[in-house]
Every structure is written in C-alpha cells, then in structure tokens.
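Protein chains in written order, with our numbering: chain H, 1 to 443; chain W, 1 to 327; chain V, 1 to 290.
Source of the hints: derived by calculation from the structure; they are not laboratory data. Keep in mind it's a predicted model, so treat the numbers as computed, not measured. Glycine included, each C-beta is placed from N, C-alpha and C at the ideal position. Worth double-checking, as some hints may not be accurate.
What the hints assert, rightly or not - Below, simulated DSS-like cross-link-like pairs (lysine-lysine); rule was C-alpha separation at most 25 Å, straight line: (1) W:K129 to V:K69; (2) H:K346 to H:K335; (3) H:K170 to H:K182; (4) V:K15 to W:K228; (5) H:K427 to H:K249; (6) H:K197 to H:K249.
What the hints assert, rightly or not - Computed Cβ-Cβ distance ranges for the label pairs, DEER-style: (7) H:D292 to V:L275: 54 to 60 Å; (8) W:R31 to V:L275: 44 to 50 Å; (9) W:L61 to V:F62: 43 to 49 Å; (10) W:A226 to V:V85: 51 to 57 Å; (11) V:Q76 to H:E300: 34 to 40 Å.
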Amino acid sequence: MSDSRLVQADRPTVTRRSFLKVAGTGAAGGALLAMLDARQAPAQLKGTSLRVILWSHFVPAYDAWIDDFARKWGEQNGATVRIDHIPHLELPARYAAEFAAGAGHDLIYFAGQILTGQYYRHLLDLSDLANDLGTRYGPWMPSAKSAAQVAGVWYAVPDYFISIPVLWRKDLFESVGRPAPKTWDDLRVAARLLRPKGHPTGMQFSHCNDANHNWRALLYCFGAKETDPSGQSIELDSKETREALRFAKALYDEGMTPEVFSWDDASDNRYLASGVASWIHDAISAFRTTEDTNPKVFKETYVLPEAAGPGGTWNVGEPNVWAIWKFSKNVPAAKEFIMAVANSQKEAMGASRGYNMPFLRRRYDKPMPGLGQDAKLGTLQEQDKITAFFGHPGPMTPAAQEVLTTFIVPDMFTRVARGASIDETMKWGVGEIRRIYAKHKAA
Amino acid sequence: MGHLASGGGRSPGASLSVPVGGRAKALPWWRTPSVRRYLFGYTLLAPAVLYVGVLVGAPFLFSLYLALSDASVGAPVARFVGLENFTSALETGVFWTAVRNTLVFTVGAAVMKGFLGTTLAFLLVQPFKGRRVVRGLVVIPFTIPIAISVLGWKWMFDSQFSVLNWALSGLGLIGEYGTPDWPVWLGQPMLALASVMFVNVWRSFPFSAIVLLAGMTSVSPEIIDAAKVDGATFMQRFRKIIVPMIAPILFVGAAFDTVFTLSDLSIVYLLTNGGPDGATEILPTLAYNTGIRGGALGRGAAISLFLFPLLLPAMVLLLRTLRRRQY
Amino acid sequence: MAVVAQRAPWSRRAKEIRRHTLIYVGLTPYLVIAVFPILWMLITALKQEPDLYRMDVVPFWFHLPPTLKNFEFLFQRTFYGDWLVNTLSISLFVSAITLLTAVPAGYALARLRLPFAENLGIAIFMTYLVPAIILFIPLSRVVSELGLQDTWWSLVVVYPTFTIPFCTWLLMGFFKTVPFEIEEAAMIDGCGQFGALLRVVLPVSWPGVITSVIFSFTLSMQDFLYSLAFVSISEQKPVPLGVATELIRGDVYFWGSLMAGALLVGVPVAIVYNLFLDKFITGITGAAIK
C-alpha cells in the first residue's frame, strides 16, 4: 500500500553535483535480472553518461521501477544513466528551452503533448528502431504512426499510451436497479438516479488535461470527427457534434453538480476515492488511488473500457513517445536505452499496475501483465481496438496540439453546459479551430 | 528648477575652472568637472545597464522579432509577417476576454491593495503593544514562495474539501455541501476571477501596508502637530499633508506592483489555468498556452506584448509626473 | 496641561485600554485574512494524511494525532535539504550581484545630475514589462553558452534581471536621504567621490542595503518559470520548483509536505524581514521627502 505514496525511490546514491562523474564500474555490479534482454552492449557505451528526461508518472511505482531499471542497465553497460522527471504539462516549456539552448537531455520524451511535428527537423530519424520493434512485436497500432511519424519517417519511437476508461460503483448502480453500464446513455441514467441520493457523477468542464480527453471521447463515441483522416479539413461542424453537445448538457443538468467547473485533473480521482462519485471517466491512476486510500469503495469499483455511443466506442488515450535531439551527446546509448525499455515492456506494464498500454500488437497477447490476472481490468486487454487520440481521425499535428493546449473543446462543452446555444457554440468553436489550422497551414 | 527635477541638490565640485594662484587655469574639455562627473556617473551606471541591457534588452528585441514573424518553437527563425499575429489575436474571441480579465484583475487588485494597505498602515502606525509581532505575522503571506502559497489556496478553494467553505458553513453563512449555496470558488465565472484576484491581494497587501507605513512615518511630527495646533481636523490633516507627502511613494510602489501583477502567470496558471471557459484567462496564460505549450511562438509573443504599447507611455507619464512633483 | 496632571491615573489607563481595544478590533480582520491561511498551512503540515480527505473532521484540529512525519518526509524522501541550500546560495549570490550593480547605479541616479538619467531610470523600470514567458527562450541559450544549464548557477545569472531594477530604485531613494554635508566633508578630507560613496554614504544607508538583500531573497523565491526551464535535475532545484514539481504527482498532492516545505522557507524570511522592518521603514522615506 505504501509504494504508491512514494515520491521517488530511496534517494539515489548519486551525490550532489556528481551526476557528470563517470561511474564506469563495468558489468561487475549486480546480477543481471532476467528483465534485461541479452543484447550485446556495444563497447562504445562504456564510460559514457546518458541523460534522460521523463514525465512524473501518475503511478509512482512505475517511476521507481524505471529509475531502478536505468541504473541496472547502466551498470550492465558501464554507463551512467540519469533520469530526470518533471510534470508532463511542463515538458513543452523545458523542450523549448533545450532547443533554444542547443543542449539538454540526450533522450527526451513527449508525454501526452506530441511535439514530433514541431521539432522533427531537429530530431534523429529513428526508423531503424521503430521498424525493428514493429517486426518483432508489431505491427504498430495505426495511430502510433500519427504520434511518431512525419511524412512517413519515424522521428520518434512510441512507448506506451494511457487509456481513460469508465470507473463505476457497482453497489451504487445496483442500489437503483441498474445493471452494469455499457453505453453513455446507461451512464446518464445512472447519474440521474443517483444524484438525488448524494452520488452524482462529474467530468471536468475546465481548462485541464482530462477535460480535453474526456470530451473528445464523448465526441468520437457520437461519431463526430475533428478532421478528415489527412488532417487537412475540419469536419467538426456536424450533426454528430451537436448531438454530443446536447448529450453533455443533459448529462450535466441531470447528474452533476456545479463543482465540475472548477475541477482539475485530480478532482475526479478524489471524488471517487471519497465515496461520492457514482462513476467517473478517468485513467487507472484513480483506480489505484482509491485502492490505496479507500479500500471499502475500491471493492465496489469496476472498470468499463469505454461507454458506447451512437457513433461507436472510442476511448481517447494519451500517447507517450521517445525522441532524440540531433544535438544529443550520446546517441548510441539513447538508442540502446529505448530498445532496452521496449524489450522489457512486459515488466514495465506490470510495474505500472495496469496503467501503461502498449502500441505494439503482439504485446496484447494474453494474459497481459498487470491486466490479465486482474478480474476487474481484464477487459482492458482489448483497449487497442477502440483507442483514438486527439485530432481523430486526423493525425496529431502541431495544429491539433495547439487546439489541445488552448482548450477549445472543453470550452465548447462548458458553454453548452452553462446554457449557451448549441449553434453559437458550434460557430465559435469550429471557427477557432479552423483559424488555428489555417495558421499552421500557412506556416 | 534643475535641482528639483533631479531631486537632490547640488553636486559637489560644480565650478568650471580651478583658481590657481589667482589665475583661472582652463582645463581641456574632458577634464572639466562636468564631464568628469558624467564619466563617473556613467561608469557607475554601466554595470546595471549592461547587465539588464544584455540579458533583458536583447531578448526583448528578440521577442519583438518573434511577434512579427510566424515562428514556432521548433523553427524560431521564420518568415516576417508584419502585424499579422496581432490582428490574428484581435480576431480571437478569447483574446478579448483575456484583455478584459487582465485589466479587471490588475485594476481591481490594485484598488483592493491600496484600500487594505492604507487602512492597515494606519493601524500599524499607531503605537501599541505587540506591534512588532503583528507586523511580523502580517508579512508572512509575502515571504512564502508564490508557487507554494498558491497551491495552498488551491486546496483551500477546493470544491469538496474547502476549509473556507467549512468555516463559512459552520458559521451559518452559506449552505451545506451539495446545496446550491455552497460556493464553488474556482468554478463560477465571476467568483473565479474574484478568487484569483483575492489571492493576489492576499499576497501583496501587507507589502503595500509596509511601504505606506514607511511613507507615513516619514512625515515629520512637527508638521502634524503644527497643523493640529492650527485646528486642522483629522481629515484635513490627512488630505492636505499626509496624502501629498506619501503620494510619490504610494504611486511608485503601486506602479511596481501593477507591473509585477500584469506579468504574473503563477496564480491563474496554478489555480484555474484560465478556466472555466476563459473566465480567468489573462494575457500571460493565454500567451503561454498558445506560444509555449501550443508551440506557436510568434502568436504567443504577440499576445504577451500586446499591452506593452499601452503601458509604456502610461508608465513614462506616471514616473515623469512624480519626479516633477517631488518636494 | 496642569489640568491633565490632576486627572486620576486610572482614567488615563482606561483611555489607553480603550485605544488598544479599538486597534485590536480594527486589526482583527487583517490578521484573520493574512494569518488564517498560514495557520491552516501549519496545521496541515502537522496532520496525518487520512485526516485531510475527510469531510466530517474539523480542518483546524487534529483527528488523528499531529505528526512530524511530513517534515521527515521532506528531508528524507525528497531533496528538500538540497533545495534549501540551493535557494539560500542562489539568493546570496543574487543579492551580491544586485548590490554590486544597483548600489553604484542608484547612487549615480540619485546624486549626479546626469543627462538622460531620468530616461534611464524609466527604461530600467520598463524591463519588468517584458514577459518572462518569452524571455526564457533566448536566456536559455545564454545559460547554455555559459555552460550553466541544469545547475542552480543559471538562476544566479538570470534572477538579477528582475532584482536589479527594483533595487536600483530602492537604493536611489535611500541615497537621496543622505545629507550632502557628510559627503562633502569626506571629499574635503581627500576621499574623492568614489571614496565618499564607499566610506560615508554606504555605511549610512545600510538599511537600504539590507532591504535590497531582503527583496533579492523574496523576489528570487517568486520565480517558477526560469527555474523550470533551466533546471531539471532534482538536486539542483530551488525550493519553489522542487516543491511544486516533486511533491505533486499527477493526482496525488502531498499536502502535508507541501505546506511544511512552504513554511520552512517562508517563516524564517518573515522573521528576518521583521527584524529589519523598522530600519526599512525609516529608510524608505527617501523618495518621499526629498
């Protein structure tokens, strides 16, 4: 129970400011764990240092695992590896600074905010790595390419994505005679029945990351599209979008409280863990938090991979990919590290307690670590079939990224929930998105 | 009038020639006391001007260049597009909301800080037991790093666990959790803006009070006593003597504080990030989300520089007026 | 006045008590606004975690017994100790740089009638209008060229950009209050103007110097963006960055340790500030009365 409370593993023995000191202890240290693939360590890694930057994983146990993995990998290869973690929302600022400085980390990571399209001219071509992984564990999910390729060339290597399912309270549903939910309508009815009993639901209508993804899931499930598959023309102005907006308003009016306008990424986790929420639409980290802080509620919490809508079932995930700056000082080690982690993805998934979802098809062979044995999470083993990413069905371009960071979609839903007319909201929202895409096209 | 303008008085060594043995010896122009004074002065100024000039001035020119180009984070050297970024900003609905919010925030917070600061200063200028302790306590909001105190407020404003709501509800001033009477501080549009303004005021009003206190204690007691003897009432003393004497310091302090507030990103970013639906969107957060997180550097720069052409003349006017009126 | 002397002492006491009461009553709202959140932060720092997420418990008191665990956590499981040392070091060096540049500049602007002095003063002030969210990008290049990326020294270089303008103005005010006579006396004694500055003006204006140091500290601790952009290594982070990035993991906020971290750095500065407050107050009047 305590490991999820960890901020980080025990303080590493790296002394202050000695991070550049080359360890060079060779492979003598420690027994090689089975998790490390038996790749031949190229001699050129010995005595070098590798600096990696990652996001602060929402499941702290994963960061503890990867920091330890990096250390052991480093020992095996005679290299010093250092991983820095910063919150994922602040990574773009850091990368802007590193790029301007022409110096920074040897191996970087795009977490949720896909900047491949922004920086590809300054990133290394990693097609050899990606093709190798695709051959051995693939094929790659089609959307993986959208996160990592520009014009058919791999400038990044996808690592995993995070899926955002529905977490619901079986006991509460049963108390109002509702069976396990399968569609958005089921969720809406349940919320309507449970709110008077003090168990509303909540989805963020605010400027936060979860709002971006939750509402897109609703849109896609209703059949709405952001762009066409090429990402060139905006297709949001449609009947389906209007239906989705209408549904969201009804959902809010019937089943939520005004709190949701002030929520951030963690508020729905707390809502569930405090026992109030009848259901939330959130990543597995909320599931784990509830497990750790409120076992009673956790017992009754179940997972639905995604609710079905009139336009299908689409779960919106957050993709994470590796990339290497052209100015990286240790390209061989960076490449080797990417492969080492990719080869150990099974262990990684287990360490993440079911949070990380692979991009490679063969990793979905059952049973999947962390999910296969878990009675409640077993259904997530099919998640790759229903996962989409922002910009769907178009690619994750810089334009789509800007639409993401300016929160246009959450704002549209917020306006409608507050009673604005759907037509006005559509006009505004679609207009803004068109403008942004036009700006990027002109560039 | 020259001395008054520079607020000092004479500078030593102002004569132009040095009498030696009864005959004035003319000096070469670079050795005259005036020029020597200038040289000395500019040498003293040089470190500060160079430091700030190189590290701020040059980047400022860079940001001007960005604002006039279609640069992005991955391509900072890009096409010149003239004022297109600015016109594009004007066409965005949320931009106008951000301008409005920025002005409301800054002016509103300034007024609150002025009011609370002044009244607190009046209380603190009185001698009373425990004054030192009170002054020490009241300063803590300012010394706690802003990032952390704002996070504390985030929890204090939380929609479920807010300690403010708990207290107010306990006092019977608001309803229970779950009723419409339970304020969602960061959720209702006007309330959200007021809440972020409040955090800014909370942090800075003690500082305003201290600065004002300084000004008030500088008014020499003799003048006040003389006025009392002359029969001036409190209000008259206040208006005719105290206000004019503390006005300069009040205005410059307010000017600095306004400028700090205008460019401050942290409070809004950490509490609401501009939401819900732009209710707390201010120019710095919009610029950050568009330019840095969204990658559109040129447009982000244009948004963040937007108020500059307005503020520059305003500040210049303010500072010039102040210097003229010093006495 | 003889009339007053004949009043019974207790009625004067009563007047004093009444005056004090009025003042305390008047102060209460301010103290509540300023101190209530601090008090709450202190209590939160001493609370056990499960206590925080319960809605049925009084937030201002302890349901489970108070604990020092959050403080222990800070020092043992995070790099807080390093962050404290970094912040202290950064602030000291920034103060030094600020004084070295702002003292001469403030003196020059206050004393020497220089052409363009007024405009320079205004221009220095204007630098605050340049947005940090754009500034950090070219500054990142500077930091990297100096080889300081990912060290706290990068912040020592960058922070003076916002402490120097303010402290220049502040010191200008202090220097204006120094009477000319003592300067002239020093110069007649053969000091030269620079000598006069060092030996006479500066010692007399030491309240201004102290105040500049205090402002360098508080202003340095306000920054978040520069430290985020330039420092990614845990041990090199200053307190605000370290606390905000490492005590929050997605949906888990380590509230107890967060508040402990804030107080440990904020309260000592407030105490020092208070100690010098009187000096600050008597000194800052320079701009107002001269």
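How the hints compare with the structure:
1. Proximity of W:K129 to V:K69 is assessed by CA-CA distance (about 36 Å); at most 25 Å being required, the pair is judged violated.
2. Between the alpha carbons of H:K346 and H:K335 the distance comes to roughly 19 Å, so the proposed pair stays at or under 25 Å and holds.
3. Only pairs whose Cα atoms come within 25 Å are accepted, and H:K170 paired with H:K182 is accepted, the gap being roughly 13 Å.
4. The straight-line distance between the Cα atoms of V:K15 and W:K228 is roughly 20 Å, inside the 25 Å bound, and the hint therefore holds.
5. Pair hint H:K427 plus H:K249 holds up; C-alpha atoms about 17 Å apart against a cutoff of 25 Å.
6. Of the supplied pair hints, the one linking H:K197 and H:K249 holds, its CA atoms being roughly 21 Å apart against a limit of 25 Å.
7. The beta-carbon spacing between H:D292 and V:L275, approximately 45 Å, falls outside the hinted interval of 54 to 60 Å.
8. Against the hinted window of 44 to 50 Å, the Cβ-Cβ separation of W:R31 and V:L275 comes to about 47 Å, which satisfies the hint.
9. For W:L61 and V:F62, the hinted distance range of 43 to 49 Å is not satisfied, since their beta carbons lie about 56 Å from each other.
10. Between W:A226 and V:V85 the beta carbon distance is about 54 Å. The supplied range of 51 to 57 Å therefore holds.
11. For the pair V:Q76 and H:E300, the supplied restraint of 34 to 40 Å holds, since their beta-carbon distance comes to about 36 Å.
The structure is inconsistent with the numbered hints 1, 7, 9, although it conforms to all the rest.
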